[in-house]
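S.K.: Chains as they are written, first to last, in this note's numbering: chain A, 3 to 406; chain B, 3 to 472.
Everything labelled a hint here was simulated from the structure, so no lab data went into it.
Treat the hints with care, since some could be wrong.
Pair by pair, the computed Cβ-Cβ distance ranges are [what the hints assert, rightly or not]:
{"no.": "1", "chain 1": "A", "residue 1": "Pro143", "chain 2": "B", "residue 2": "Gln226", "range": "46 to 52 Å"}
{"no.": "2", "chain 1": "A", "residue 1": "Glu66", "chain 2": "B", "residue 2": "Pro287", "range": "21 to 27 Å"}
{"no.": "3", "chain 1": "B", "residue 1": "Ser238", "chain 2": "A", "residue 2": "Ser82", "range": "42 to 48 Å"}
{"no.": "4", "chain 1": "A", "residue 1": "Asn87", "chain 2": "B", "residue 2": "Thr231", "range": "46 to 52 Å"}
{"no.": "5", "chain 1": "B", "residue 1": "Gln203", "chain 2": "A", "residue 2": "Gln283", "range": "24 to 30 Å"}
{"no.": "6", "chain 1": "B", "residue 1": "Leu64", "chain 2": "A", "residue 2": "Pro119", "range": "34 to 40 Å"}
{"no.": "7", "chain 1": "A", "residue 1": "Val197", "chain 2": "B", "residue 2": "Gln347", "range": "44 to 50 Å"}
{"no.": "8", "chain 1": "A", "residue 1": "Gln283", "chain 2": "B", "residue 2": "Gln347", "range": "33 to 39 Å"}
{"no.": "9", "chain 1": "A", "residue 1": "Glu66", "chain 2": "B", "residue 2": "Ala204", "range": "56 to 62 Å"}
{"no.": "10", "chain 1": "A", "residue 1": "Pro234", "chain 2": "B", "residue 2": "Arg176", "range": "39 to 45 Å"}
Small disclaimer: the values here were computed from a predicted structure and weren't measured.
All C-beta atoms, glycine included, are put in the ideal place defined by N, C-alpha and C.
Take a look at the letters that make up each chain.
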Amino acid sequence: MSGDASRRVFLRGAGLAAVGVGLAPTSLLVRTARAAAGEKVLVKVFLRGAADGLNLCAPHGDPEYYNLRQAIALPRPGSSDGVVNLDGYFGMHPELAPLKPFFDDGRLAFVHAVGNPQVTRSHFDAQDFMESGTPGDKQTPTGWLDRAIARIPGSEVTQAVSFSSQLVRSFLGPEPVLVAQNLSSFDLHARNWRVEAETRLRAMYEADPTAVGDTGSETFEAINTLLRAPTPPPSNGAAYPTGTVGSSLRQAAGLVKVGIGTRCIYVNVTGGFDTHSNQLQNNTTDYRPLGQALAAFATDLGGLLDSVVLMVTTEFGRTAAVNGAAGTDHGTGYCMMVLGGRVRGGRVLGRWPGLGRGQLYEGRDLAATTDFRDVFQEVARGQLGIAESLFPGYAPGPGVGVVA
Amino acid sequence: MPAPETLGPRVVLHLLSRAGYGPRPGEIAGVLQSGPTRWIEDQLDPGPDPELDQRLSRFPTLSYTTSRILALYNADPRSIGVILDEFTSAKVVRAVHARNQLEEVLVDFWFNHFNVFVNDGFDRYSISSYERDAIRPNVLGRFRDLLQAASLHPAMLYSLDNYLNTVPRRVGNRVVGGINENQGRELLELHTVGVDAGYTQADVVEASRCLTGHGIDNLNTSGQYVYRTANHDNDSKQVFGLSVPGGGGEGDVQRLFDHLASHPATASHISKRLCQRFVADDPSPALVERLAGVFLRTDGDLREVTKALFGSAEFWAEAFGAGKPKTPLEYVASTLRGAGAEVNQARAVKAVLQDMGMPLYACNPPTGYSNRGADWLNPSSHLYRMNLALDLAAGAVSGVAADMAGLVRTGGGNPDDPRSAADAINRVVFGLTLSSATLGAAASLPTSGSVTVPARVGGLLFASPDMQVR
Numbered sequence: 003m004s005g006d007a008s009r010r011v012f013l014r015g016a017g018l019a020a021v022g023v024g025l026a027p028t029s030l031l032v033r034t035a036r037a038a039a040g041e042k043v044l045v046k047v048f049l050r051g052a053a054d055g056l057n058l059c060a061p062h063g064d065p066e067y068y069n070l071r072q073a074i075a076l077p078r079p080g081s082s083d084g085v086v087n088l089d090g091y092f093g094m095h096p097e098l099a100p101l102k103p104f105f106d107d108g109r110l111a112f113v114h115a116v117g118n119p120q121v122t123r124s125h126f127d128a129q130d131f132m133e134s135g136t137p138g139d140k141q142t143p144t145g146w147l148d149r150a151i152a153r154i155p156g157s158e159v160t161q162a163v164s165f166s167s168q169l170v171r172s173f174l175g176p177e178p179v180l181v182a183q184n185l186s187s188f189d190l191h192a193r194n195w196r197v198e199a200e201t202r203l204r205a206m207y208e209a210d211p212t213a214v215g216d217t218g219s220e221t222f223e224a225i226n227t228l229l230r231a232p233t234p235p236p237s238n239g240a241a242y243p244t245g246t247v248g249s250s251l252r253q254a255a256g257l258v259k260v261g262i263g264t265r266c267i268y269v270n271v272t273g274g275f276d277t278h279s280n281q282l283q284n285n286t287t288d289y290r291p292l293g294q295a296l297a298a299f300a301t302d303l304g305g306l307l308d309s310v311v312l313m314v315t316t317e318f319g320r321t322a323a324v325n326g327a328a329g330t331d332h333g334t335g336y337c338m339m340v341l342g343g344r345v346r347g348g349r350v351l352g353r354w355p356g357l358g359r360g361q362l363y364e365g366r367d368l369a370a371t372t373d374f375r376d377v378f379q380e381v382a383r384g385q386l387g388i389a390e391s392l393f394p395g396y397a398p399g400p401g402v403g404v405v406a
Numbered sequence: 003m004p005a006p007e008t009l010g011p012r013v014v015l016h017l018l019s020r021a022g023y024g025p026r027p028g029e030i031a032g033v034l035q036s037g038p039t040r041w042i043e044d045q046l047d048p049g050p051d052p053e054l055d056q057r058l059s060r061f062p063t064l065s066y067t068t069s070r071i072l073a074l075y076n077a078d079p080r081s082i083g084v085i086l087d088e089f090t091s092a093k094v095v096r097a098v099h100a101r102n103q104l105e106e107v108l109v110d111f112w113f114n115h116f117n118v119f120v121n122d123g124f125d126r127y128s129i130s131s132y133e134r135d136a137i138r139p140n141v142l143g144r145f146r147d148l149l150q151a152a153s154l155h156p157a158m159l160y161s162l163d164n165y166l167n168t169v170p171r172r173v174g175n176r177v178v179g180g181i182n183e184n185q186g187r188e189l190l191e192l193h194t195v196g197v198d199a200g201y202t203q204a205d206v207v208e209a210s211r212c213l214t215g216h217g218i219d220n221l222n223t224s225g226q227y228v229y230r231t232a233n234h235d236n237d238s239k240q241v242f243g244l245s246v247p248g249g250g251g252e253g254d255v256q257r258l259f260d261h262l263a264s265h266p267a268t269a270s271h272i273s274k275r276l277c278q279r280f281v282a283d284d285p286s287p288a289l290v291e292r293l294a295g296v297f298l299r300t301d302g303d304l305r306e307v308t309k310a311l312f313g314s315a316e317f318w319a320e321a322f323g324a325g326k327p328k329t330p331l332e333y334v335a336s337t338l339r340g341a342g343a344e345v346n347q348a349r350a351v352k353a354v355l356q357d358m359g360m361p362l363y364a365c366n367p368p369t370g371y372s373n374r375g376a377d378w379l380n381p382s383s384h385l386y387r388m389n390l391a392l393d394l395a396a397g398a399v400s401g402v403a404a405d406m407a408g409l410v411r412t413g414g415g416n417p418d419d420p421r422s423a424a425d426a427i428n429r430v431v432f433g434l435t436l437s438s439a440t441l442g443a444a445a446s447l448p449t450s451g452s453v454t455v456p457a458r459v460g461g462l463l464f465a466s467p468d469m470q471v472r
């Protein structure tokens with residue numbers, strides 16, 4: 003990853019940062035909130051570690067799946083712990099069952115055999131390629147979502163929010179982004195001298211021309227925005243699971259509901275997706291909160307889900323055959339999930355390459371038939387209205403028809 | 003380049019903040035007197051530290067073997083909570099109080115290079131031995147020894163699934179076991195030659211074949227390293243320019259370690275990572291190549307490589323640059339050290355590290371935490387940093403004692419006068435490097451207030467942008 007020069011420079015929001023302590027930037031917030039009501043939001047959920055697409059959305063109609071996967075194949079629909087049938091050929095992992103109603107009413111789609119044309123089986127490189135959006139080029143200074151944010155109007159620090167412990171590669175670049183794990187109690191600890199502390203700390207950070215100074219100023223802007231527009235609790239009886247994915251999606255839904263100009267949300271998910279061993283148990287552990295959290299997110303948003311497209315992705319798929327340890331090694335093609343009111347769901351999209359001997363990539367992996375950039379661009383086009391390519395050196399195709 | 007001794011407190015602050023976790027009160031003056039070169043020599047040859055030993059004596063389980071920890075767990079599952087609490091607390095105590103600061107930073111660096119994850123099954127029981135027996139003894143030794151110690155420790159063999167990596171065997175008409183590529187790949191990509199060295203998928207498989215048979219005796223009871231001949235693929239192999247003849251048995255992996263540890267790509271990869279940690283997020287290629295040269299000439303002698311790093315003009319020039327953003331651990335440890343704090347109970351400190359996105363020993367991916375400072379700058383983590391400073395100065399970090407008025411007095415200042423207090427902390431903690439904006443914002447605080455002058459001045463200065471970089 004390159005870049006000091008690429009570190010975001012907090013200039014466009016500087017007007018807000020200059021607003022004095024204790025003075026609500028009311029007019030701006032009101033304008034923002036009005037503009038944001040029903041504004042479209044793109045949510046990207048990244049499962050780090052290479053989540054296995056063949057057990058996320060399993061081709062139970064293909065006997066070859068059972069030959070390859072042996073003991074870690076998911077049983078056919080109707081069996082105990084069997085897959086949830088989707089279309090007679092594919093079925094989703096049983097822990098994703100809470101999402102079935104959204105598939106059935108056409109708001110959830112799967113896109114199978116997605117991948118990156120520069121095949122690498124390194125987690126680090128593959129994540130870099132997926133997030134920079136430039137497969138094969140590790141020197142790209144910006145992330146694809148930074149480039150997307152640069153193309154839409156507005157400059158609030160809450161325009162792009164990343165639920166992660168660090169700035170993710172997708173947002174690397176000059177656009178401001180709020181990186182957070184927990185947006186509640188987002189305030190300074192300075193009882194009895196709160197205003198004095200903020201005034202002086204702001205002065206220190208505003209005088210610092212480096213990335214550290216920018217971060218401090220972004221922090222104060224975020225504090226003031228969030229203090230004045232706290233995110234609301236879950237609606238419609240939505241029940242989020244405990245843990246990171248539940249907490250992040252609960253807060254993501256809150257941001258959509260409160261409408262403070264957020265257009266792009268990133269949810270970083272780590273866990274046991276790198277299933278080199280004991281895959282069945284590991285998948286159960288990780289897919290359970292994922293399925294529950296996604297279903298809660300959709301329930302929580304209710305009609306506002308029409309303004310959201312959430313896509314779940316990972317860096318590559320896993321070997322088609324089971325390895326020696328009831329697991330799978332690093333592979334190629336993987337499966338995305340896309341959820342939202344305007345998603346053309348109820349279908350498994352993408353061209354299925356098959357699992358036969360001659361069909362596997364290098365004789366071992368599910369081949370990739372859809373370039374991830376085509377899907378990312380399609381979603382960005384639909385949600386952020388971006389027509390021009392977000393991927394240097396690449397002209398994305400029309401996509402797979404996942405967004406209406 | 004003038005001798006470092008002539009360059010004053012700025013240079014000493016730089017050294018103590020890069021080669022260690024920052025100065026404790028009075029340390030800048032002490033090192034100025036004895037000389038930075040002498041300090042580096044001492045740090046490269048760590049001596050006894052009875053005061054640290056005394057502090058660590060309240061963690062009796064630090065010396066327990068994996069077998070003993072498993073036995074305790076089997077007798078009472080609650081015991082592992084106590085054991086891990088002691089293990090992780092010791093990391094905080096060492097960072098804040100150890101005399102051998104460079105050793106602690108290197109242990110952190112090398113653990114992170116050969117990262118394993120504390121919440122990963124068997125590694126809960128073996129992680130203490132991993133750091134104590136595989137990492138710590140080798141950080142100033144030979145890379146070849148460190149590579150073997152880390153790679154064949156049960157914690158690593160478990161973390162990267164090598165205990166399941168076996169030659170496929172036919173039992174009746176079934177095939178049992180098989181190659182698991184996880185450790186073979188990371189051995190090349192992360193631990194030695196690096197992802198851009200030019201190896202292929204076939205090299206990954208061949209490296210994995212060399213590693214077959216190296217496993218763990220019994221995950222639930224002994225947890226010891228074991229080599230099982232029957233699980234080893236004993237045919238010949240070709241790994242990234244190395245020919246391993248058939249019949250080599252457990253020696254295959256020795257040949258592989260020899261080959262990789264002396265490979266020029268490893269020398270460059272390791273040197274770059276060291277430079278990233280100690281010098282700059284994007285270190286100069288010339289420095290990396292010079293260090294790689296030292297690595298190759300000295301047969302991977304890490305003491306010599308580390309010494310060359312601190313002897314480089316690039317290292318000292320950084321004292322006059324914008325600084326490298328601190329990771330959460332570096333920020334928290336340097337703040338506690340600067341405040342002259344005593345860590346009586348580390349729980350609150352560990353919790354805040356988690357909030358900042360850097361829980362101790364809990365980086366899940368094998369890549370470890372980023373060595374690039376810029377990767378750690380974000381508003382959420384930043385708020386936790388400022389709040390830790392404000393809480394610490396107000397005496398509100400549970401289990402940690404810090405006396406801001408005492409700190410001001412150590413610097414010869416008047417605790418009732420904001421300007422005098424700020425000047426004193428600037429001298430003692432920052433080596434007189436504070437920017438005028440930072441110093442001015444703290445020094446111009448009103449004298450009266452419901453919070454004491456030292457708590458407000460200290461809180462602001464430890465929360466300042468100046469404290470965020472090293």
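S.K.: Next, verify each hint and record whether it holds.
M.R.: Quick rundown of the hints versus the structure:
A beta carbon spacing of about 48 Å between Pro143 (chain A) and Gln226 (chain B) agrees with the range 46 to 52 Å that was offered as a hint. Roughly 49 Å separates the CB atoms of Glu66 (chain A) and Pro287 (chain B), a value that falls outside the hinted 21 to 27 Å. For the hinted restraint 42 to 48 Å between Ser238 (chain B) and Ser82 (chain A), the CB-CB distance of approximately 46 Å keeps it satisfied. A C-beta distance of roughly 47 Å is found between Asn87 (chain A) and Thr231 (chain B), which places it inside the suggested range of 46 to 52 Å.
Between Gln203 (chain B) and Gln283 (chain A) the C-beta distance comes to about 28 Å, which sits within the given range of 24 to 30 Å. As the Cβ distance of Leu64 (chain B) to Pro119 (chain A) is approximately 50 Å, the hint placing it in 34 to 40 Å is violated. The hinted range of 44 to 50 Å is not satisfied by Val197 (chain A) and Gln347 (chain B), whose Cβ atoms lie roughly 32 Å apart. Checked against the given bound of 33 to 39 Å, the beta carbons of Gln283 (chain A) and Gln347 (chain B), roughly 36 Å apart, stay inside it.
Remark: the range hint 56 to 62 Å for Glu66 (chain A) to Ala204 (chain B) is contradicted by a beta-carbon distance near 25 Å. The hinted window of 39 to 45 Å between Pro234 (chain A) and Arg176 (chain B) is violated, with their beta carbons roughly 57 Å apart.
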